[in-house]
Amino acid sequence: MSSMAMMMLPKVLTGPEELSVEGPAVICSFNVFGLTINFTETVVLEWIVMAIILGVSIFLTRNLKVKAVSKRQVIAEMAVEAITNLVRDTMGKRWLWFTPYIATVFCFSIFGSLISLLGVRAVTSDFSVPLTWAAITFILITWTKIRYGGVRGYLKGFADPIPVMLPINILSEVATPTAMALRHFGNIAGGSIIMGLVYYGLASASRMLHMHGAWLTVGIPAVLSLYFDLFSDFMQAFIFIMLTMVFISNAGPAEDEAA
Amino acid sequence: MKLGFFYIDLGTILFTLCNTLILFLGLKHFLFKPVQKILTERQAAVDQTLQDAEDARSRAEAAETEYTEKLAVAKEESAAMLRNATRKAQQRSDEIVAQAKAEAAGILQQNRDELDRERRRAESELRSEVSGLAVLVAEKVVEREINQADHVRLIDEFIDSVGDVQ
Chain B
40 MSSMAMMMLP KVLTGPEELS VEGPAVICSF NVFGLTINFT ETVVLEWIVM AIILGVSIFL
100 TRNLKVKAVS KRQVIAEMAV EAITNLVRDT MGKRWLWFTP YIATVFCFSI FGSLISLLGV
160 RAVTSDFSVP LTWAAITFIL ITWTKIRYGG VRGYLKGFAD PIPVMLPINI LSEVATPTAM
220 ALRHFGNIAG GSIIMGLVYY GLASASRMLH MHGAWLTVGI PAVLSLYFDL FSDFMQAFIF
280 IMLTMVFISN AGPAEDEAA
Chain R
9 MKLGFFYIDL GTILFTLCNT LILFLGLKHF LFKPVQKILT ERQAAVDQTL QDAEDARSRA
69 EAAETEYTEK LAVAKEESAA MLRNATRKAQ QRSDEIVAQA KAEAAGILQQ NRDELDRERR
129 RAESELRSEV SGLAVLVAEK VVEREINQAD HVRLIDEFID SVGDVQ
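The listed protein sequences derive, respectively, from chains B and R.
One rule links them: number in the working numbering = place in the first sequence (from 1) + 39.
One rule links them: number in the working numbering = place in the second sequence (from 1) + 8.
Any given hint could turn out to be false.
Below, computed lysine-lysine pairings styled on DSS-like, alpha-carbon distance capped at 25 Å [what the hints assert, rightly or not]:
| no. | chain 1 | residue 1 | chain 2 | residue 2 |
| --- | --- | --- | --- | --- |
| 1 | R | 41 | B | 132 |
| 2 | B | 195 | B | 184 |
| 3 | B | 106 | R | 36 |
| 4 | R | 83 | R | 96 |
| 5 | B | 104 | R | 96 |
Far from chain R by the CB rule (all over 10 Å, computed), these chain B residues [claimed, not checked]:
| no. | residue |
| --- | --- |
| 6 | 99 |
| 7 | 134 |
| 8 | 278 |
Keep in mind that the hints were calculated from the coordinates and are not lab data.
Since the model is a prediction, treat every value here as computed from it, not as a measurement.
Every residue, glycine too, gets a C-beta built ideally from N, C-alpha and C.
With the hints as constraints, model all of the structure from the sequences given.
Okay, structure coming up:
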């Protein structure tokens with residue numbers, strides 16, 4: 040009887056009846072020079088996140104004034120100054136031009152993770168996304184090393200301090216972006232799996248207790264979500280930009296030498 | 009169709025790369041550029057205000073120095089004028105006193121001269137009267153006319169001798 044009543048309830052009230060761990064849905068695919076280019080759910084969500092970030096930016100920077108500033112402008116100025124100071128303190132003055140990129144990755148990462156609160160997949164739980172950002176970081180590290188040390192200096196660095204270290208140095212060079220991408224992906228994806236398990240478990244428990252609807256999933260997961268969604272999302276974004284800044288600025292000489 | 013949970017997808021990487029670039033340019037253009045422009049403008053305004061204040065202060069200091077100097081000069085001038093005036097007044101008063109003294113001395117002298125003249129006139133009157141009287145007395149005594157002129161001479165000689173004795 041109770042199972043009959045449950046069948047009539049909309050799915051949002053009954054909670055998940057099965058747990059699936061899958062990647063993003065492919066909306067369509069192209070074949071370019073023999074390569075399959077997938078256009079996935081992740082990219083659509085990225086556009087939504089970008090629209091939100093740019094919309095907020097445009098809203099905050101509307102009608103800026105030198106004097107008698109509005110609350111919106113104060114927020115915009117504080118945000119810009121905070122990220123600028125972070126870059127200055129972490130990387131040094133000569134990397135200040137790098138600030139908008141750090142802000143981009145930070146905003147993209149945090150909003151891309153937080154979008155999971157709307158019930159969709161987090162952008163960052165698609166391994167390709169943090170991998171792309173880690174690849175950009177890797178390219179910038181290599182570019183900085185070549186810029187300040189020359190190609191010879193860069194290649195010599197692999198045989199440092201003794202040529203035997205060559206394989207280990209190559210490994211550590213590749214490990215940097217890989218670890219960054221895996222850490223970010225793992226935390227967000229792991230968090231979403233844990234939250235999925237919690238919802239699934241609580242929905243199952245509700246069914247076992249013959250509740251009319253998955254009422255156990257109300258309130259209880261929110262406490263865990265504070266950590267696995269809000270805190271973890273913020274931490275991963277912050278860790279990612281900190282590592283990016285530290286690795287890139289360490290690839291160049293110290294501040295006073297470069298001056 | 010869904011991709012694997014842990015899967016590296018070339019399409020997603022390329023799209024994400026483009027999206028990151030677009031977001032970077034967007035944030036730079038819509039957030040950083042306007043805010044930094046405003047911050048720079050505000051910094052310039054603050055610098056300008058500080059510069060103006062500094063200018064005003066240095067101008068005030070210059071004016072103060074100038075006024076202090078002018079005041080000192082004026083004080084010096086007034087002191088000099090006072091000294092000058094005092095000296096002139098002293099001089100003038102000295103002159104007046106001297107003039108008054110001279111005048112007084114002149115008047116005194118004049119009076120003395122007058123007195124002298126009066127005395128002499130009285131003397132000569134007295135002398136002529138005495139001589140006339142003496143002639144009269146002698147006429148009475150001698151009961152005869154004597155040569156008036158001779159007698160006047162004689163009596164005058166007498167009086168002079170008496171005056172000398174006296």
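Each hint, compared with the structure:
no., hint, result
1, R:41 / B:132, "holds, 18 Å"
2, B:195 / B:184, "holds, 11 Å"
3, B:106 / R:36, "holds, 23 Å"
4, R:83 / R:96, "holds, 20 Å"
5, B:104 / R:96, "violated, 72 Å"
6, 99, "violated, 7 Å"
7, 134, "holds, 15 Å"
8, 278, "holds, 18 Å"
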